[in-house]
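Enquirer: Listed here are the chains, written in short residue letters.
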Amino acid sequence: QEYSAENPLKVALVLHGTLGDKSFFDSAAAGMAKAQAELPVEIKIIEAGYDKTKWQPALADAADSGYDVVIAGTYDMTPYITELADEYPEVKFIDFDDSPDFSGGAYPNVLSIMYGTSTAGYLAGYAAAKVSETGTIATILGMEFPTVTDFKVGFDQGATDANPDINIISTVAGTFSDPAKGKEIALAQFGQGADVVFPIAGSTGIGALQAAKENGKLAVGVDSDQATVFATSDPEQAEVIFTSVEKKIGESLFLALKATIDGTQEYGKRELLGLKDGAVGISKNSYYEKLVSAEIRDEVEALEAKIVSGELVPNSDME
Amino acid sequence: MSTTAILARQSRWSTFRKETLRAVTAIAVALLVTIIVVLLTSKAPLEALNTLLTAPASKPRTIGLWFDDVAKLTVTGLAFSLVFQARQFALGVQGQIYVGALASSYVALSPIGPTFAAIPLGIAAAMLAGAAWGFIPGLAKAKLGANEIVSSLMLNYIAIELCNFLVRVQLRERPGVLTSLKFPDAAVFPPLIPGTRIDLGLILALVATVLVWFALYRTSWGLKLRLVGHNARFAEYAGIKSSLIMVSAMTAAGALGGMLGAMFVQGQTYGKITVLFEGGLAFEGILVAIVARSRPLAVPVVAIFYGYLRQGAQLMNIRTDVPAEVIGVVTAIIILLVSSSFSMPGKKWLSAQFGRRAQPAGLSADGAAK
Amino acid sequence: MIELFATIMSSAFFVTVIRTTTPLLLATLGGLIADLSGALNVALEGQMLVGCLTAVIVSVYAPWYVAVLAGLAAGAVLGLVMAIFALRLKADIILVGFAINIMAAGGTVFALAMATGGDKGTSINLASKAIPPVDLSFLGVIPGIGPLLVSLLSGHSVLSWIAAFLVFAIWYFLYRMPWGLWLRGVGEYPAAPEAAGIPVNAVRAWSLVVSGALAGLGGAQLAMFNYVGFARDMTAGRGFIALGAVLLGARHPVGALLAALLFGAFEGLAVVMPGLFADAPAELIRMIPFVVTILALMLFSYRAQRALKLRGVKSA
Amino acid sequence: MAPLLQATSIGKTYPGGVVANDGVNLTVSAGEVHAVVGENGAGKSTLMKILFGIERPDAGELTLDGKPVSFANPRDAIDAGIGMVFQHFSLVPSFSVYENVVLGSEPRSGARFDRKRAIEEVRALSKRFRLKVDPLPAVGTLPVGQQQRVEILKALYRDARILILDEPTAVLAPQEIEELFVAVRELVAQGRTVIFIAHKLPEVLEISDRITVMRAGRSVGEVGRSEITEQGLATMMVGRDVALRVDRAATAGALACEIKALWVRSESGQPSLEDLNLRVHAGEIVGLVGVEGNGQAALIDAISGAGPMSAGVAYLNGTSLGPLSTLERRAIGVANIPEDRIAQGLAGGASVAENLVATKLGDRRYVRRGLLDLRAIKANAEALIARYSVRVGGADQAVATLSGGNMQKVVVARELSEQPKLLLVSQPTRGVDLGATQFIWRSLTDARDAGAAVLLSSADLTELLALSDRLVVFYRGKLVAAFHNDDTLTPEVLGSYMLGLAVQTQEEVMGALR
Ligand SMILES: Nc1ncnc2c1ncn2[C@@H]1O[C@H](COP(=O)(O)OP(=O)(O)OP(=O)(O)O)[C@@H](O)[C@H]1O
Ligand SMILES: Nc1ncnc2c1ncn2[C@@H]1O[C@H](COP(=O)(O)OP(=O)(O)OP(=O)(O)O)[C@@H](O)[C@H]1O
Ligand SMILES: [Mg+2]
Ligand SMILES: [Mg+2]
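Chains as they are written, first to last, in our numbering: chain A, 1 to 319; chain B, 1 to 370; chain C, 1 to 316; chain D, 1 to 514.
Mixed in with the good hints there might be a few duds.
Computed list of lysine to aspartate or glutamate pairs in DMTMM-like fashion (alpha-carbon distance at most 25 Å, straight line) [stated by the list, open to error]:
| hint | chain 1 | residue 1 | chain 2 | residue 2 |
| --- | --- | --- | --- | --- |
| 1 | B | 241 | D | 227 |
| 2 | D | 421 | B | 236 |
| 3 | D | 478 | D | 328 |
| 4 | D | 132 | D | 340 |
So, partial list: chain B residues that the calculated Cβ filter (under 8 Å) puts toward chain A [claimed, not checked]:
| hint | residue |
| --- | --- |
| 5 | 39 |
| 6 | 43 |
| 7 | 44 |
| 8 | 45 |
| 9 | 124 |
| 10 | 274 |
| 11 | 277 |
| 12 | 315 |
| 13 | 319 |
Now the stretches of chain A that chain B is said to cover, found in silico as 3 or more residues with beta-carbon under 8 Å [unchecked claim]:
| hint | region |
| --- | --- |
| 14 | 40 to 48 |
| 15 | 65 to 72 |
No wet-lab data here; the hints were simulated from the structure. Beta carbons are placed, not taken as given, at the ideal position from N, Cα and C, and that holds for glycine.
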């Protein structure tokens, strides 16, 4: 089927939350914006909010409203996607950051995109352990589920490989929306000797970054290149984020849509995108250059190469 | 005497008239405000409003969503009505939902799950758990005079964390996933209308309505409860154990809250348990109860209207360009305006006893004209 | 365990507790005023949240103290709205409170998006200001205890000191000034002040306004000191905790202070404990404050109950 | 001389349609004590509430010093020099006496509430008007009598030119009434004016200069004290002629209730009742005499189960009451007409029918297997409403909308509907009008003649003397005197014992305690 400006591909992105998290959802939305600009598509972004009872209805409503492609993400939405995939076979579904069980040719109209975040997390962890002077580093998790913990699994492994007796403090905030709490947690972790913090906790994490800024500690950003995000509005903040573990959801979705339009995109399968696909990675910007010594950077490059080549396979929570 | 009787009847009728009139005007104004807000925030305001007002009834699926809300709002509304009528301001329904849901999940995921007993036992377990959760603040108040607002609010937080914990370490589908496996079909409420969320829950809600009404107005327990609500000292004097009534009222309400928990996780909505599944619906029961003046039979009626509004707003959010947050603002304004014409049970009588000036007599005409 | 004890005893922890307590305390005092006037203010949460946003946005364009005042004013306005609906239009005050919370949750995000040009989550694109900490390092010269004093007293938010002062001020107002007498009278038995010619509703209205103002101030502290900036729902239930603190504090300013400190301390603990006991489940740690609150509440109310009986006051 | 305060053709209809005032005229001239009398629900309190700006009239006009005035709220009235003492007190229970007195017009030094001065002023005031009351304790802890003095002080503190007293004597002991009258005369002597509502005509005739009579929301006439007799007044009020006379018990029956060495201690530990021994026989009324708060209430509560028995025993026909719950006591024939109907005797928001059945929820006639028999309950209510001629719209009307006299009838009707074995009665006719009083007295004596043993506690000595067969006097929790009621016994005699001025010897007491 031919898509054109007159007859665009109708796409709905259903967020089980709202925009403005400066990472996960915003990144997906950015991909849609890019598609809007470069592809013959018509995009509708649906913010279903944080009330879980409203997620399935939002998704069902999208599937029901004549969109060609319906996009949603994480294990929270997968069950609803599979249920609707059977109900609306003519609609294509993209399930990012989780995957249904395709065995036996199930769900031919579903494409699952998974991210080997632990591979990038590994590199960040390695760098973090190296730049740490106290030998203690910290992570802050919003809540404990795979899309979050997968970062940490890789991060911890990387850190221990860099420094076998590294001490890793970890705290679960229990919320993605309490920056004051994130800041307190980070301060407490600094109090316990940590000098690098890796928050994986939405705006709770933003608070942690602020703590790092105010106490001259270092931080690792998450999902998107957070140093660049802050670069203009809050330079000092950017100054302490020596890298970010990027999960290029937007980019991968853009590519999937492009391929769909070209008719080259296969559905009914799961794509695990890692470092080599450029769907995940760590930001190598000016701050990285400035804050991480050359030889550490070289070691990281080497490890990256190993992972891409498959020689090194970091653990992962995304089975 | 007979004239007084006539006057009394007249007054009852005209108060009713006044109430309805006020309600209608309130809703009208509320709609006006909504229209203005939508006009300000939407590029296609007509479509938005149309969605708000017609979408819920447009398709079986949306009607399903609407009545699923009605069922749940009814039950939480009933739970609050029960405690309000006993003049207890326990706000514990949310916590009861979580513990109830946990209990029924354990049943559904146990060997009983696949059997016919899964649904009745699940509901029973949920009601027990909820009752226990309602009993604690009741007892604390009766025995120690511990303010039930605080204790019930705290128990809400505890229940939520408890659910987070158990789901994460025990009920989870696989490590790190914060939801359980789907319950066996035998453990999930069958839909009354296939392809919709309308399930056994709706029936449970209606049954609960009748039961609560019956308990309050046809049993001596209910009369005692209302007498305690009107004047605890008098109840004691009349030989009613008011503390016992308080506790039993909160416990019964707790059982309702627990049942609602089962309706969530065993219902078509989920058919499994997950963290933070309730989404703040519990508290909307306060609105329903107060607008319904804590009258059990009025609760479902209010729930139908409020549920429609709720779904309309939700669909407006999904389908149109009206931003999600604006929905919240609109709902709030509507609550304010509608509630402006209602008040807690017994407030009038209280103000009478406190001899406070009653509102301007809308009836002096009828009165003088006798 | 020793580790934990050491942490709790450390001056760093003390400073943390003061920081976590201050927003709570301000909101609690707000709740107290309203509660004593017989109007339960369940809108503290929303008023705080709006206070947060207003303070942040204003601080971009004005000096910090103006921003703080703006936050205070925003809360006061919401208090006035409550008063109008609850007292003039006879709406149920609990409903009005919940409505205001809902409105604040949505309204702040909407306003934030307007202010930042589309950012719905955080204000990180706004260069908002912070409340300056009060530097008392000169105390260091005091021989012996000097350094300790500095580590304990220096670096707190101005509002922390103001909040501490407010505890006293409000106590003085309530128990030493005529209007305090009016306010408590209105709360306990409106018929009496009315018969004495006191405008009952005006008193309630003012209490609600002040209540909102204090909550707004708490919001300012939260968004200009505890964390500098705004994020959606950043109050995260603190308003409701404050509501609990009011009653836990036996509806007395000093009680409010202690209750707020208790909650603040637990917020602090919930933050440090995971670091110390890595394997303790986070959920259970977060549960502790609520469990303890209930227990404390039971204890206090039992004692209060007996005290009341001993004084032989019939109405209770 | 020109009238000080004049109300012409006042009309007031309450929301709910009750026409409380309907063309009422009232003319009060300076320096007089002006009484307003009328049956319960005649509209007296409403009229007063209008004069004091609590209620706004629907029709008519007020003039003060010949100038038309209208009061939007009590503040206006207070500023115009009007003070009011409500029949249902408006005091903040947890506040101290002086706080209540000065509330709203506190003495200040700067922005501070000058407590010292407040206390002094209250002391001075109570000395000057001979209204003895300690300024410091919380009013919630005071007996009703004192609470009322606080109310009066409140008005005087705002030095009211016109003082409205709505049924002030209802709650007072004779000596207290005398003190009140002294104070009232004091006031008049100092050029103030008093409007005085009461149901007891002798009092009215003693204290007032002119009297306005109200009936069913209308003012039916104004007379000077000299121009009218008690009978005339009564007839004018009720519209028929009423006589308050009841006959004593013919013979007392068997021993019904025996109380041995009963102690009652309050939470704080000090005894409110000490070592009481008393026997009540079927078919007799034993009057409990004493200034409020001297132990009568404690006794009644201990027997009814509302309060504790710290030590000692009480038997009803051989059954010990101590271990029984309130309900069980009711089951074996204890009935109780409480002192404060609104706070204790009724559930205002509930319907008359519900109130009438509230104490019988164990009774198979109304409740079977936990289910209410609504028909029986309604029937019961209608029967009692008719039998006790309660003025009410219907069995399902809320009790709160009844006038107090009718509220009291509801209570009496409920308690006497079953023939009790032991009847506990407190202040049965407080604030209740002539007709109703007559009626309630008749009901009590009927219950007695049907074999009830009655313990009657009342602040109204006339009532005690009229009804009791024997009287026992309490002072500071002790039984200090006991009498057989005969015509030699006078209020003055009782009074001297009530105030502890005289004490009987053990023999004398025993003599009367058969
Ligand atoms: N706030 C009110 N709302 C409705 N009805 C009222 C109100 N206050 C009084 N009434 C009714 O108005 C009538 C007159 O009441 P009012 O109190 O004036 O009588 P009263 O003369 O004071 O009687 P009493 O001798 O018992 O004090 C009564 O029928 C009473 O039930
Ligand atoms: N807002 C009200 N609605 C209905 N009834 C009322 C209201 N306010 C007062 N009443 C009733 O009207 C009656 C008359 O009013 P008032 O305040 O004079 O008490 P009262 O009954 O007259 O006093 P008493 O006990 O001396 O007879 C009271 O019994 C009171 O319960
Ligand atoms: Mg009266
Ligand atoms: Mg009266």
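Enquirer: Holds or violated: is the Cβ of residue 39(B) closer than 8 Å to a Cβ in chain A?
Expert: For residue 39(B), the interface hint is violated, since the closest Cβ of chain A sits about 21 Å away, which is over 8 Å.
Enquirer: Double-check residue 274(B) for me: the hint is only fine if its C-beta lies closer than 8 Å to a C-beta in chain A.
Expert: holds, 6 Å
Enquirer: Do the alpha carbons of residue 421(D) and residue 236(B) lie within 25 Å of each other, as the hint requires?
Expert: holds, 21 Å
Enquirer: With 8 Å as the cut and Cβ atoms as the points, is residue 124(B) at the interface with chain A?
Expert: Where the cut-off is 8 Å and the nearest Cβ of chain A is about 24 Å from residue 124(B), the hint is violated.
Enquirer: Grab the minimum C-beta distance from residue 315(B) to chain A and call the hint holds if it beats 8 Å, violated otherwise.
Expert: holds, 7 Å
Enquirer: Closer than 8 Å Cβ to Cβ for three or more residues is the test here. Does the region 40 to 48 of chain A pass it with chain B?
Expert: holds (count 3)
Enquirer: Mind checking the CB of residue 319(B) against every CB in chain A and telling me if the closest is under 8 Å?
Expert: holds, 7 Å
Enquirer: Verify the proposed pairing of residue 478(D) with residue 328(D), using a straight-line Cα cut of 25 Å.
Expert: Answer violated: residue 478(D) to residue 328(D) is near 28 Å, above 25 Å.
Enquirer: With a cut-off of 25 Å on the C-alpha distance, tell me whether residue 241(B) and residue 227(D) pass.
Expert: violated, 55 Å
Enquirer: Count residues of the region 65 to 72 of chain A with a Cβ under 8 Å from any Cβ of chain B, then say if the count reaches three.
Expert: violated (count 1)
Enquirer: Would the pair residue 132(D) and residue 340(D) pass a check requiring their Cα atoms to be no farther apart than 25 Å?
Expert: holds, 24 Å
Enquirer: Tell me if the interface restraint on residue 43(B) is satisfied: Cβ within less than 8 Å of some Cβ in chain A.
Expert: With a closest approach of 13 Å, the residue 43(B) hint is violated.
Checked against the numbered hints above, the structure breaks hints 1, 3, 5, 6, 7, 8, 9 and 15 and satisfies the rest.
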